[in-house]
Structure formats: structure tokens, C-alpha cells
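Enquirer: Please assemble the complex out of the two chains, which come individually in their own frames, going by the hints.
Here is what each chain is made of, one letter per residue.
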Amino acid sequence: MTRRLLEGSEAIAEAMVVAGCRFFSGYPITPFTEILEQMAKKMPPVGGVCMNAESELEAIGMAWGAAATGTPAATGSTGQGLSLMQESLAELTMAGVPLVVLDMARAQVDYFQATRGGGHGDYRLIVLAPMDVSEAVHLTQLAFHLTAVWRNPVMVFGDYYIAHTYQSVSLEPIDFGPEPPRDWALTGASGGSGRAKLLSPLGSAKQRDDVGYDMSKHYLARAAASAEMVAGVTPMADVGFTEDADVVVVAFGTQGRYVRAAVQQMRAEGQRVGYVRPITLFPFPTEAVADAANGARAVAVYENNQGQMIDDVRLAVLGRAPVHFIGGLSLDGSGFGIAPDLDVAIIRSRIEHVLADLDVHAGGIR
Amino acid sequence: MTPSDRVPVVLTDRPPTEPARLVDDFTPALIDVGAHHLCPGCGEPIAMRSVLEVIDELDLAQRTIAVFGIGCYTAFSNNLDVEVLQALHGRAPSLATGAKRARPETVVFTIQGDGDMVNEGLQEVIHTAARGENVTCIMLNNGVFGETGGHLTSTTVLGQRTKNSLAGRNAAEHGYPILLSNLLAQLEGAAYVARGAVNTAGNVARTKKMIHRAIETQLDGRGFSFVEILTMCPTGWFIETQEAPAYLEANLGAVHAPGVLKDTGS
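Keeping their order, the protein sequence lines are chains A and B.
First residue of the first sequence: 3, per the working numbering; consecutive thereafter.
First residue of the second sequence: 6, per the working numbering; consecutive thereafter.
Every clue listed holds true.
The calculated label-pair distances, taken between Cβ atoms and stated as ranges, are: (1) B:T32 / A:P47: 44 to 50 Å; (2) A:D343 / B:R227: 56 to 62 Å; (3) A:E289 / B:P109: 44 to 50 Å; (4) B:E248 / A:Q88: 40 to 46 Å; (5) B:R227 / A:P47: 24 to 30 Å; (6) A:G335 / B:G270: 51 to 57 Å; (7) B:E254 / A:F114: 49 to 55 Å; (8) B:T32 / A:L222: 30 to 36 Å; (9) B:G173 / A:E181: 55 to 61 Å; (10) B:E248 / A:L222: 40 to 46 Å.
Simulated from the structure, these hints should not be mistaken for laboratory data.
Glycine included, C-beta positions come from ideal geometry on N, C-alpha and C.
In isolation and in its complexed conformation, chain B is listed as follows (with noise of 0.2 Å):
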């Protein structure tokens, strides 16, 4: 990016004397090209750049492995700062074991979709989860297939519309969702397991102490480490950008209900 190219962020609680603050100013370190194409309100971002913060923060850009799977946050895997393997849709989970195995000096983590984790590769976490495989999945939940415009996923709530159930889902018919984190929570293997959310900056910072809990986990080597985070999808929710937030803790929230559901090292 040109310096032309950056957006001046204007704070208001900030003297004019001082010079105006750019879009690169907020961007994570690891971070490569801060501009991206996901829609406005997305929560995806904001769920990337609290993994890349604290990778950051604990200093672990140099050993760090980061497995993608496929949805639209696959278009950070071209821009990160941290090494990146791109898996297929719904596989992150064993190759971050495959490469967990073979160097076990690095921290690898996957970043899923629900599309990606629930649907594809259902098996793919749940064994690595009861392996307790020494990696860090990460799912970004929004409930819907976001990449294709809004399709019914494993994870979408009751009642909700979506392009393939315009009607709602309704469990005659599509059956009920999964509330993975719950299941994984039951696994031996599962050190850690808890689900934040990114629609407030009070879950936001929440969301980061839960990422932050479970690459130590693996730094501790304490088993399969996993956090699920409800991002915002307006467009795939069919919604304005700006009710997006509150919709989230409404729909999606009350039945992925937030928490810390299990955690073996404290």
C-alpha cells in the first residue's frame, strides 16, 4: 500500500496538535496488507487480528504454523506475517497434526469456518480433539456459509432464514444444530475448550484471553486446545450491517451460548 493509499483515522478525544492517525497505525504486526475484501461488519477480521495479537504478544511469530481452512477468512492466508499451510475445506485439523508431529517445536493452529469444521470435516476435529493432539483449532462461527451468500450450515440456529431454508430452519425438516464446542468439551483429550464471541469490545477482549489460554495450553503441551468464536455475518444474516452485533447475542449467542466450557490447567 502507497502511503497515499491510507485512510487517516480521526479521533475525536484527540488534541489537534497531534498528526492523524492511519489505518496501518491499527494494523496487528503480523498483519501484511491490513485492506481486505470482506464485507462491512464482517467479524471475521476482528477474530483474526486477536489470534495474530496473541502470537504477537507471546513472541511466537517465529515458530508459529498456521493452518487455513476454506471460507472467506481464507483470504488472510495470503497476508499474514506468520507462516501459512492452506488446507482443504474441512482437513485444517490434520494437517496441523501432521505438521504438529513432525516439528514439535512450532505452534500450529487452524483457523475453520462452521462450514468448514461442522460440516466437512466433522470427523477431522473431533478426532484430532480426542487424539488431544497438541494444536489449536480455532472455528470462526457465524452460522452460515458465508462465502457462497448465506447457506444453511451445521451450526445455524432454529428459525433462522437462510438462502436454502427461506423459510427458517425448522428441525422437521433440517434437523437441529451441533454445539460443537459442547461436544468437544466431553472428549479426554480436549484440554481446553471455550467460545467467545466478537459482536462487543467486552467479548472481544474476552475472546482474546480465551486464544491466549489455549496456545498455552499447547505451549504447555496439555493436549488439543480449542475456541470457538461467533462472528458477525450481516450479509449472510440477510441483515443491516449495524444490527448485526446485537443479533448475534439474539440468535446465534443464545443457543452457542459464550464460556469457558473446559479447562484442564486451571
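Chain A extracted, bound-state conformation (with noise of 0.2 Å):
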């Protein structure tokens, strides 16, 4: 198997190629630039197109009409560029339009706007966060699979480690099974047949003996591939030492690498800790938190934002533990998700005043 030492964004644009991608369009924002920077030299060479929008309205837009066309596209940007796209990102999803969309996240502040979908409406998107690069370019490969089968956009939650850290991948295509033919994609060709295709949000099918479209009908069924696609949907997590940790940590995307790396340390040192690492956001590894958290005396969870994921945590965890807040916002002075507090020894002494914490309650005190 060839591997290539690669950053972060150019691993991920290759990742696409590999996976068929044939059109991104994107807008310049830190730290999704490069990626676009490396689509726009991978686009040509394999008959793909790449448009440089002249704003992330335009970006979501241009990817959503060639995904109608049943080209594979993507699109992507940071929290705030994602801001602008998700009334688009929204409809599409209604519209039942497959679309890969990255997010190459400034810290992990906007975990919310991921999972719990930015936009109106009753719609859920699948939420893929990778630990680093060499997992992104799994998970990258993985989002168009799932968006062809499920007809419904999914997000790739990185950040700016992931997309500026150089790592040794393999681009080997991954075969993850079978996908649904693309009969509903336009191409033109349907019209003047009495059947000619319709994609939109308001409703798939025309009506051959009325005028106006049934709304009711197209949102439910929509609401019902929605729930379909959650029931159907393995959640994924990285799970370690829970069998018999006092204390569980749970943290994502690069911060879940650095809690791994401090639990391993301090199992070394036989203290009883573990961890789960959410890759799927969305749907969320309720179970798995669940499972690691029925043992537990504690659940903590490391994340750089204010406490977003904890709310997933705490409806998975169900009081079977306290959960603890152990992260907090921590960035340098460029905003872009650089954390000083992103650092094995930090993190440790955090797990280890939960761990303290206990024996002070076993003792009585509380």
C-alpha cells in the first residue's frame, strides 16, 4: 500500500478526488482555504470542476445545482462561512440533494451549529468528526458514500490541526458497499416525456392532476427518510478502558486524540480512567456513552467551547453519573482554534481533580 506524507487539507482534497468527487466550490476563510486551494489544482487534471465563489451563498448554491445533477460535489468553510450557507444547506436537505460540506471548525465552538442543524426546518445532518488526518481521509471518503445512500448532506467537523498537520495517509479507494442508483438526478433528458424530472424542496413528484404542490406530504415524507436515515446510521465511537474506569472522559475530533493520549498515560500508571471519542456527532454514540458511563463514578468531558457536547453526554449518560465540565474555551490570539490548553499534561490534571474529587466524596465529606 503507497503512502504520502501530506498536509492536513491537501490529504482530504485527495481523499475527495478518490471518493469521486467531480465538483467543490468554496470561498477563502481560515482554515478551510487550502483545501479549496487543493481542489482547485485537482478539479481539471480528473474532469472535475472547481469554482472559486464569490461568497459561501454562491458556494452552497453552485455545489447544490451540480450535486442536482448527480455529479458527486462537495463544498466547506469554517463556522462562520457555514453561517451563510445553512439556509441553503436547509432546503437542499429537503430537497433529499446529496452534498458532502466541510467544516474545518475554529476551535470546536460550533459543535451546536453542526449537529443540531444551523438552518429551519425538521432535518438532520450526518456529522463525521475525525482526531486527525489520517482518519479524516477515512471519514472523507466515508461522507460521500453515506450522502449517495442517504440522499442527505454530511458534514466532515475538522479543524484547523486537522487541516494543517502533515501525516503519512493512504489514498487506497475505499469500497464501503453498494449505492442506490442516481435515477433521480437531472440531466435534461427527462423533458418532454410527460415525466420530466422535479428536484426542490416543496415537493418531489408533480402532480399530473392538479396545480400547487402538496407541502404536507413532501415534509413528511422527508421528516420519515430523516428518521429512516437516524435509525439506519451505525453511530461510531472510539472506546478505552471504560470496563472498569472510575472516571470516563469524553472529548472529540483532536481534542479526543490528546484525552486518549493522557488516558493511556495514566492507565500506565494504573489509575482507573477511560474514554470515549465520539466520530459520529450526529447520529451521537448515545449508546456506546451510555455503556462506559454504567460503571463509571464520573463522566467528564474535554471540549473547546463552552460546554456544547455535554448536552449529548448528559442525555446518554441519563444520571447513571455525574458529568463534569473539564474543558472550556482556549484559544491563541488568532481565534482559529490554536489551543494552549491542548496539552497532555493540562488535560491530565483535569482528569486527575475528578479523580481526587472522588476519594474526597468516598471520605464522607460531601
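Expert: Right, dumping it as C-alpha cells:
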């Protein structure tokens, strides 16, 4: 297997090419910019198109238009730019248009935006959160598969570290299994047949005997498709040392990787700690977190924000153990997500604090 | 529609020996359902029919993608016999761009109103024109938000009464109307820019020629083509249905003057 040492942005771009992506549109914004640069280079040689959109509004509109023709397509940005895209993202989800959306997030402040659906309406995105470049290459390819299967946008939630770290990666195409035919895609060819296709967030079937749309019918059908997707996508998590852990630490993405390192160190020293790293942020690995919390005396959540994923952790733990927040917003002057707190020693000390608290409580001081 | 629903159209110049012609006989081939819920006197069905007739005449039905904006005309996205991609308010030019770039062999046009294109999506159409994108954008301009019941848009002419400018649009309070065709004609990437109207039979015929020319511009790969069509909205103008064609001429048409503004292929 050939491996290449690549910067994360280039690795993700290569993964998109390997996954069949042939249309990309974006607007520069740190730390997403380099992915756009790479796609501008990599699309033309494979017969694809990369558009330097005039804003994020155009970027997602172009991707929507290309994806509507059955072309595997992607766009991306960071939280700020994704805010601009949310209206279109919500609507194209209602239209059943497959699309991969890259969120090269600044820190982890946009967990809610990613997992709660930043736009209007009763819809969901599948959200995949890699911990490093290698996993990003895998999950980016998986994203193209999942979006083709479910006809629902899939987000890959990365960050500054993943976009800019060099890592040796394999770019062998991964076969995730069969995908349904794209018979819904617009090619122009069905016109004049009496059965011309329609791809719309308002209604997917043309009415033959009346005017206008039955909106309730469409929205209910989309809700049912969304529910089927939520039930059909297996939540993924990386779980370690939880069987006999007193404290289980939950963290995702780059932060999850650091937490894992801290827990491994502490385990080597005989401390009873474990970790759960959600890989799918939506659907959330509720069962994995609940199982880990079952024998634990406390659950700790480390994330680089004021506490967003902790809501999902609490819903998973459901009172089985107390849930403590040991994260917090940590940024350098750039604001791009480089975190002074992202340090195994600092994370260790916070976990040790939770452990020490357990002993205090066990001593009956509470 | 069942045959019994078909309304006979009796033309007085036809001999009584000939059978009455039906509404269906007048429905363009590329409209599945001829009926619509738009108001009496609305100009949008006429504009829509003109576009579809051109697609049919150029034999493009099997390679066309229509991208719809949001407005009264959106009702037609449901019953055309050409493929339709429904966009958000204002965003159709970007979707058209993506579709055309992904499938250059298709003919792609947008249908948008003035509220959609000039208010919500002004930057989209300007950038698409500047890029010289090989698509056709069609704006149905009636100078009001018709679907919400007659509200001020960015093309509403000075003095016009709307539901949120009851005393008439005045520049001090509401600013000036944007003449979009004039704006777009200045852009290098715009190959064909014309403004038509559907208030008289003559204007309908002229407008259809403009649409024809715009689609030809796209077929020739000469860049962005644009047709603005002034349409009647008696409901949103708060006037009698039969007054609308003359009102269009005296108000909207007096500011947004019909004519071919640019044709790089001529």
C-alpha cells in the first residue's frame, strides 16, 4: 500500500478525488482555505470543476446545482461561512440532494451548529468528526458514500490542526458497499416525456391532475426519510479502558486524540480512567457513552468551547453518573482554534482533579 | 384534467361547422397542467408560456434544466414538462451555474421575479453575469412582491403605492428603483441583455424573440444572457384587471424601458 506524507488539507482533497468528487465550490476562510486551493488544483486533471465562489452563498448554491445533476459534489467553510450557507443547506436537505460539507472549524465552538442543524426546518445532517489526518481521509470517503446512500448532506467536522498537520496517509479508495442509482438526478433528458423530473424542497413529485404542491405530503415524506437515516446510520465511537474506569472522559476530534493520550498515560500508571471519543457527532454514540458510564463513578467532558457536546453526553448518561465539564474555550490570539490548553499534561491534571474529587466524596466530606 | 373539465373556447371568427377548441389546444406542449392558481390578469403565465414555446421550437426539451426562484410563478415549477430544479429565493443563478458547469451539454435557464432576483439575490445575478456564465436568467418584473400581496421591491417605481409604501414610493424614504438590465448590460460577461413586456400582443411577440435570442446566445456559448420581462400584477398594483396592461406601460414600463440593451452576437 502506498503512503504519502501530506498536509491535512491536501490529504482531504485527495480523499475527495478518490471518493469520486467532481465538483467543488468554496470561498477562502481560515482554516478551510487550503482545501479550496487544493481542489482548484486537483479537479481539472480528473475532469472535475472547482469554482471560486464569490461568497459562501454562491458556493453552496453552485454545489447544490451541480449535485442536483448527480455529480458527486462538496463545499465547505468554517463556522462563520457555514452560517451563511445554512439556509441553502437546510433547503437542499429537504430536496434530498446529496452533498458533502467540510467544516474546518475554529476550535470546537460550532458543535451545536453542526449537530443541531444551523438552518430552519425539521432536518438532520450526518456529522463525522475525525481525530487526525488519517482518519479524515477515511471519513471524507465515507461521507461521499453516506450522502449517496441517504440523499442527505453529510458534514465532516475538522479543525485547524487537521487542516494543517502533515501525516502519512493511504489514499487507496475504500469500498463501502453498493450505492443506490442516481435516477433522481437532473440531466435534462426527461423533458418532453410527460414525466419530466423535479428536484425541489417543496415537493418531489409532480402532480398530474392538479396545480400546486401538497407541502405536508413532502415534508412528512422527508421527515420519514430522515428518521430512517437516523435509525440506519450506525453511530461510531472510539472507546478505551472503560470496563473498570472510575472516570470516563468524553472528547471528540483533535481534543479526543489528546484525551486518549492522557488516559493512556494515566492507565500506564495504574489510574482507573477510560475514554469515549465520538466519531459520529450525529447520530451521537449514545449507547457507547451510556455503557461506559454504567460502571463509572463520574463522567468528564473535555471540549474546546463552553460546553456543547456535554448536552448530548448528559442525555446519554441519563443520571447514571455525575457529568463534569473539564473543557473550556482555549484560543491563541489568532482565534483560529489553536488551543494553549491542548496539552496532555493540562488534560491529565483536569482528569486527576475529577479523580481526586471522587476520593474526597468517598471520604464522606460531601 | 378530465375532458369534462376542459373549458371550450369559442372563437367568433370560426365557422360553426368547426368544433369548439378547448383550453388544452392552447396550452404549450411543455406544460403538463394548463390550469393555475395565479390571479386573473397576471402576466407571469404569458411570460412562462413564451419561454416554453421557445424551448419547444428550438427542440431543447430533452436537454433543458429550468431553475426556479420563489414567487407566484413557482407554481409552474410543479407542472412543466421540462426538468425543474427548485432554488431558494434569490439563489437560482448559483444553482444554474453549478448545474451548467457539471453538465455543459444542457441548456439552463432561471425563472425569478424582481423580489427574488433584485432584492434577495442581486449579488448572485451580478456575479453570474460578470463570470460570463453560459446560462440564461429570466426575470419576471412586476415591481412588487406579488405573492405576499403587493409590497415594495427594489424595482418598484417612484410614486407607486404598495402595501408597505401606502403613500407611494418616495426616494427620500425608500430610495430609488434598480434598473437591473441597465446594470447588467455594463458587465463584460453579459453577452445578451434585453427587457421585454407582456402587456400587449406586440410586446409578447417581441419578448419571445428576445428569449429566443438569449437561448441562442447560450447555445453558441457566448456567455451570460438575460431577459427581463415586465409582467402585469393587477392584484399587487391594486387596480382593475383590465387596467393593468395600460398601467404597466404608464408606470413600470416608463422607468424600466423595454428594448434590447446589449447583443454581442449581432
